[in-house]
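Chemist: Here is how the chains run, residue by residue.
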Amino acid sequence: MPIDILMPALSPTMEEGNLSKWLKKEGDKIVSGDVIAEIETDKATMEVEAVDEGTLGKILVAAGTEGVKVNTPIAVLLQEGESASAIGSAQVQAEPAEKPQPAKAEEASPAAEKVPAPSVQAAVPAAPRTEAASDPDIPPGTEMVSTTVREALRDAMAEEMRRDPDVFVMGEEVAEYQGAYKITQGLLQEFGAKRVVDTPITEHGFAGVGVGAAMAGLKPIVEFMTFNFAMQAIDQIINSAAKTLYMSGGQMGAPIVFRGPNGAAARVAAQHSQDYAAWYSHVPGLRVIQPYSAADAKGLLKAAIRDPNPVIFLENEILYGHSFDVPKLDDFVLPIGKARVHKQGKDVTLVSFGIGMTYLVKAEPELAKLGIDAEIIDLRTIRPMDLDTVIASVRKTNRLVVVEEGFPQSSVGDYIANQVSQRAFDFLDSPVITIAGKDVPMPYAANLEKLALPNVGEVIEAVKAVTYKR
Amino acid sequence: MAAAARKASTKSRSEAKAQALSAPPPASFSKEQELKAYRDMLLIRRFEEKAGQLYGMGFIGGFCHLYIGQEAVVTGLKMAMIEGDQMITAYRDHGHMLAMEMSPRGVMAELTGRRGGYSRGKGGSMHMFSKEKFFYGGHGIVGAQVSLGTGLAFANKYRENKNVSLTFFGDGAANQGQVYESFNMASLWKLPVIYVIENNRYAMGTSVQRSSAETDFSHRGLSFRIPGIQVDGMDVRAVKSAGDLATDWCRSGNGPIILEMLTYRYRGHSMSDPAKYRTKEEVQKMRSEHDPIEQVKARLIDKKWASEDDLKAQDKEVRDIVADAADFAQTDPEPDPSELWTDVVR
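Listed in order, the protein sequences are those of chains A and B.
Counting from 1, one number per residue, gives the positions in the first sequence under the numbering used here.
Counting from 1001, one number per residue, gives the positions in the second sequence under the numbering used here.
Keep in mind the hints are simulated off the structure, nothing from the lab.
Keep in mind that the hints are not guaranteed to be accurate.
[Said to hold, decoys possible] Some chain A residues well away from chain B (every beta-carbon gap over 12 Å; in silico):
no., residue
1, Lys25
2, Ile59
3, Thr130
4, Gly285
5, Pro365
6, Tyr444
[Claimed, not checked] Cβ pair distances, simulated, as ranges:
no., chain 1, residue 1, chain 2, residue 2, range
7, A, Glu176, B, Glu1160, 20 to 26 Å
8, B, Gly1205, A, Ser20, 52 to 58 Å
9, A, Asp388, B, Gly1062, 35 to 41 Å
10, A, Glu131, B, Glu1160, 37 to 43 Å
11, A, Glu176, B, Thr1206, 40 to 46 Å
12, B, Ser1338, A, Asp331, 32 to 38 Å
13, A, Asp42, B, Ser1338, 34 to 40 Å
14, B, Ser1252, A, Asp388, 55 to 61 Å
15, A, Val268, B, Glu1160, 39 to 45 Å
16, A, Ser430, B, Gly1062, 43 to 49 Å
17, B, Gly1205, A, Asn455, 52 to 58 Å
18, A, Asp331, B, Glu1160, 38 to 44 Å
19, A, Pro408, B, Gly1084, 48 to 54 Å
20, B, Glu1282, A, Ser20, 19 to 25 Å
Quick reminder that beta carbons are idealized off the backbone N, C-alpha and C, glycines included.
Let's have the full structure, built from the sequences with the hints guiding it.
Modeler: Rendered as structure tokens:
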């Protein structure tokens, strides 16, 4: 049968074009790849190449025709042995063929009932709800051991490396130097240079190497000396690590942990003092964890290493030296995505995470003196966020203050305030107050740095405001 | 003493100094190898022509980068690979997937965004993978696949297997910083990775001469002590012999190696590129004098290993496979709406 040559679309948005020139005439032999015509799109003049072989039987659209719709037959190609008389009369009319419509998913599934869609909105399937598991029970009589966050992180990595030979750690100064902040102390001695890998200063490159190794099935722990330097690597974290599971239709993902100190330390100024919680929490495909206590640091880092998804694990240099009780258990793993109620209370809900918790812990006794019984929630995981725990608390206290060190615009607190206003508006007795770092790059001078960060006084003032005690 | 130390260090360095190697002579192919190379390249050519046609008809959306003209590179290298060797490339990737024996139906249906596609319609032309066939993508960010491919090689070394990562990128990507970060680590840690630089002379619309201070890409690894070979990427036999040398080099524990493949794409950078940055004569000259498929065809005829009729029958077989893939890709349903939410996390 003769083959119709159609007006092609040559860009994602082209609907029509001008047929400026024929480079072949009727009767010419044509092979695949021959340029047969030129068409003008809104952007440029493009060549039309033949896909099939044959003889140009008839030109249906003359050179110089403007506004030819995409998919209009512009010529007829005769195959071997066919003559011009084979061209059917229907083919001679240069009408645009119907725009190809893919089979609709609804039609393909006979089980799906054809219910008229009430609105465009309703056609979008609802996001699945996932429920995080609760923390494991700690058996009565379990010994609690005072442990620094630094030791807890090291123990978590060592335990997981003993458990799974595919787990390895790589980063700058992690091996022979024993870690720039001594988080990997002793790992080289126990696991050797194959599994504790010193990298050159090359964040973009080693983040990509880590993701590639993870795609091949290994379970890398990539240490960034600080998360500020991960800005060099953020393309690999987001475009390669976070999206591959989705882009591959579930075939392969990146079981990898990116960890290191995050946020302000002390007097290291603008380029070394930034909290990335909100940045990474924006990205589907990532898990984002920012622990406060040593027990959470240990239990959640172990969970992160076992998790099949890319995990951003945000630590804090100031917290590294803080000691907390950690249960002495063989395998203490905490659920990702579950907030921890640090203290129960009835008058106001205070939410924070990571080092932000220190402001709440310090404010709490001051609030008690004012007769305010605060409920304190440590999010622990920023993504997926345990909003149910926050909202349950707000339904009880009717007041909410969120604290973080990051920048204020599009902050974690902004998201929480938005979700609470959508899901628990009627339970609020006052506007939600979000306390964040000031909207400035981190200054160096000691007094200015202090001003740029949140402080306990701000927390107390915010609580007074939402409880109308001011 | 300082002078002696310097002398010693110079000596040890020069001993290990990498160099650009000359290309090995083209492999001499058996009849079966010639026929296989012909068939595999033809499949890519016809598949890409069909993809271009489906794009023109509106079945394929977004960006679509065709591999027409470069078929010998991936075909010759595949002939040098063994089970378990990985391949990774950027977004001009349809040819690589076909060479890795991924199903034409699955690839074409991904191009049309249907549920039978390799990524169930969620990846598209630039983002496709097959764990089963050791194809690791399909990446849309120029240069990112170079670090990822180095990571695949890291995993091979970690697991102490003999597999090699074939990491493809273009002359354009060769100017990205992470390429050199990867070169450094690959050489430092002796990772089994072949960096295949497909030099098709144009990074989108910018010629190699306008973008690159060193246009001999086989030299690009020398300051990392990575040897390089410049190969006629239009001759599948030359590609195969370079591939044999490079895979042996990696499997013997020597670390990375660079193969610069001198090749040419006949079509524009993507479907919407009018390719005004080069002359028609330049394209025509490559097509008529260096076409990788025509070269094999001429040898098959010359050696009387195949008649014109045999090759026509071969062409028909390939056209049928492509037509079947195109039919499937046009009739297969779109993904179920519930797929919107699947595979975000495990």
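Chemist: Confirm or reject each hint.
Modeler: Taking the hints in turn, this is what the structure says about them:
| no. | hint | result |
| --- | --- | --- |
| 1 | Lys25 | 19 Å, holds |
| 2 | Ile59 | 18 Å, holds |
| 3 | Thr130 | 9 Å, violated |
| 4 | Gly285 | 6 Å, violated |
| 5 | Pro365 | 39 Å, holds |
| 6 | Tyr444 | 29 Å, holds |
| 7 | Glu176/A to Glu1160/B: 20 to 26 Å | 23 Å, holds |
| 8 | Gly1205/B to Ser20/A: 52 to 58 Å | 21 Å, violated |
| 9 | Asp388/A to Gly1062/B: 35 to 41 Å | 38 Å, holds |
| 10 | Glu131/A to Glu1160/B: 37 to 43 Å | 41 Å, holds |
| 11 | Glu176/A to Thr1206/B: 40 to 46 Å | 43 Å, holds |
| 12 | Ser1338/B to Asp331/A: 32 to 38 Å | 36 Å, holds |
| 13 | Asp42/A to Ser1338/B: 34 to 40 Å | 37 Å, holds |
| 14 | Ser1252/B to Asp388/A: 55 to 61 Å | 57 Å, holds |
| 15 | Val268/A to Glu1160/B: 39 to 45 Å | 41 Å, holds |
| 16 | Ser430/A to Gly1062/B: 43 to 49 Å | 48 Å, holds |
| 17 | Gly1205/B to Asn455/A: 52 to 58 Å | 55 Å, holds |
| 18 | Asp331/A to Glu1160/B: 38 to 44 Å | 28 Å, violated |
| 19 | Pro408/A to Gly1084/B: 48 to 54 Å | 51 Å, holds |
| 20 | Glu1282/B to Ser20/A: 19 to 25 Å | 22 Å, holds |
The structure fails to meet hints 3, 4, 8, 18 from the earlier list, while all remaining hints are met.
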